[in-house]
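A.B. asks: One-letter residues, chain by chain:
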Amino acid sequence: MHPVTTVHYLALSAALLLIGTVGVLTRRSIVIILMSIELILNAVNINLVAFSRQAHAVHGQIFAIFVIVDAVAEAAVGLGILIALFRNKETVLADEIDLLKW
Amino acid sequence: MLIDTIFFYVFALLTLGGGLLTITRRNAVHSALSLIVSLLGVAGLYLMQQAEFLFAVQIVLYVGGIMVLFLFVIMLVNLDLSAKERQFNGQWMVALVAVAAVGAEISWFLYRGQGAFQLADTAGAPSAAAFAVTTTGNTEILADVLFQEYLLPFEIASILLLVAVVGAVVMAKKRI
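Those protein sequences? They're chains A and B, same order as listed. Letter by letter, the first sequence follows residues 25 to 126 of our numbering. Letter by letter, the second sequence follows residues 16 to 191 of our numbering.
Treat the hints loosely; a few may be bogus.
Cut-off 35 Å, straight-line C-alpha distance, at most; resulting in silico cross-link-like pairs (DSBU-like, lysine-lysine) [said to hold, decoys possible]: (1) Lys113/A <-> Lys188/B; (2) Lys113/A <-> Lys99/B; (3) Lys99/B <-> Lys188/B; (4) Lys125/A <-> Lys99/B; (5) Lys125/A <-> Lys113/A; (6) Lys113/A <-> Lys189/B; (7) Lys125/A <-> Lys188/B; (8) Lys189/B <-> Lys125/A.
Read the hints as simulated data drawn from the structure, not as lab findings.
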């Protein structure tokens with residue numbers, strides 16, 4: 025078996041990023057879309073940590089911490105918006121919120 | 016080395032399998048549970064790359080914090096109706112084609128650039144914050160760098176969290 029290199033981690037992270045993108049683009053439920061965004065942010069983190077190990081420096085891990093902070097803020101605000109939306113429109117499907125479409 | 020490789024593929028399988036289940040399940044609770052599996056796989060990958068602090072943060076913050084938040088909201092809004100409806104929107108075909116194009120691009124880049132990633136390994140002396148020192152732990156080195164070099168971004172991140180907390184309360188409250 026080949027030893028695991030940085031390229032393996034990059035390939036894994038690319039695959040996870042693509043899965044998350046498919047989720048964001050194709051699903052109708054806003055809850056699932058938010059979960060897919062978490063998948064994308066985790067793919068970024070895998071990348072950062074892999075390069076951090078490759079370069080023998082912890083700066084990549086510091087950036088991963090900031091990405092996690094962003095993910096937390098995004099999830100909190102996003103779910104707050106979702107609750108406000110559900111109270112007003114009684115729907116959680118992204119394509120039924122089309123006030124700006126004509 | 017062999018055991019490392021096996022663990023990598025196990026965690027990769029957890030991560031990708033959990034991710035795929037997350038975006039395909041009809042029931043939102045099932046999606047959330049699959050996402051937890053995926054996040055645990057990512058935590059295992061952190062552990063394999065000697066990022067022990069991030070491993071703990073991933074478990075405590077993601078699996079313990081964000082996912083509980085998600086499950087709360089799933090219980091709060093009524094998803095039974097939307098579970099019976101169509102799950103994918105009209106442009107799913109276009110989305111898949113676009114994502115496949117991006118995927119081909121990234122894999123071509125990775126395939127062609129494979130050799131370039133090995134250079135940094137032998138590129139002379141590691142930086143001042145090298146974690147090759149075995150006497151100090153990962154958390155200690157992280158804290159040193161975070162509170163010295165990245166102090167200003169750290170404080171800005173705390174302001175961001177404050178804004179997010181206030182924003183979430185304002186959004187979710189019925190009348191302010």
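A.B. asks: Now tell me if each hint is right for this structure.
C.D. replies: Verification of the hints:
1. Lys113/A <-> Lys188/B: holds (16 Å)
2. Lys113/A <-> Lys99/B: Measuring from Cα to Cα gives roughly 18 Å; hence the hint holds.
3. Lys99/B <-> Lys188/B: Between Lys99/B and Lys188/B the Cα gap is close to 28 Å, so the pair holds against 35 Å.
4. Lys125/A <-> Lys99/B: holds (25 Å)
5. Lys125/A <-> Lys113/A: holds (16 Å)
6. Lys113/A <-> Lys189/B: Roughly 14 Å separates the two Cα atoms, so the pair holds.
7. Lys125/A <-> Lys188/B: OK: Lys125/A and Lys188/B at ~27 Å, within 35 Å.
8. Lys189/B <-> Lys125/A: Holds, at about 27 Å.
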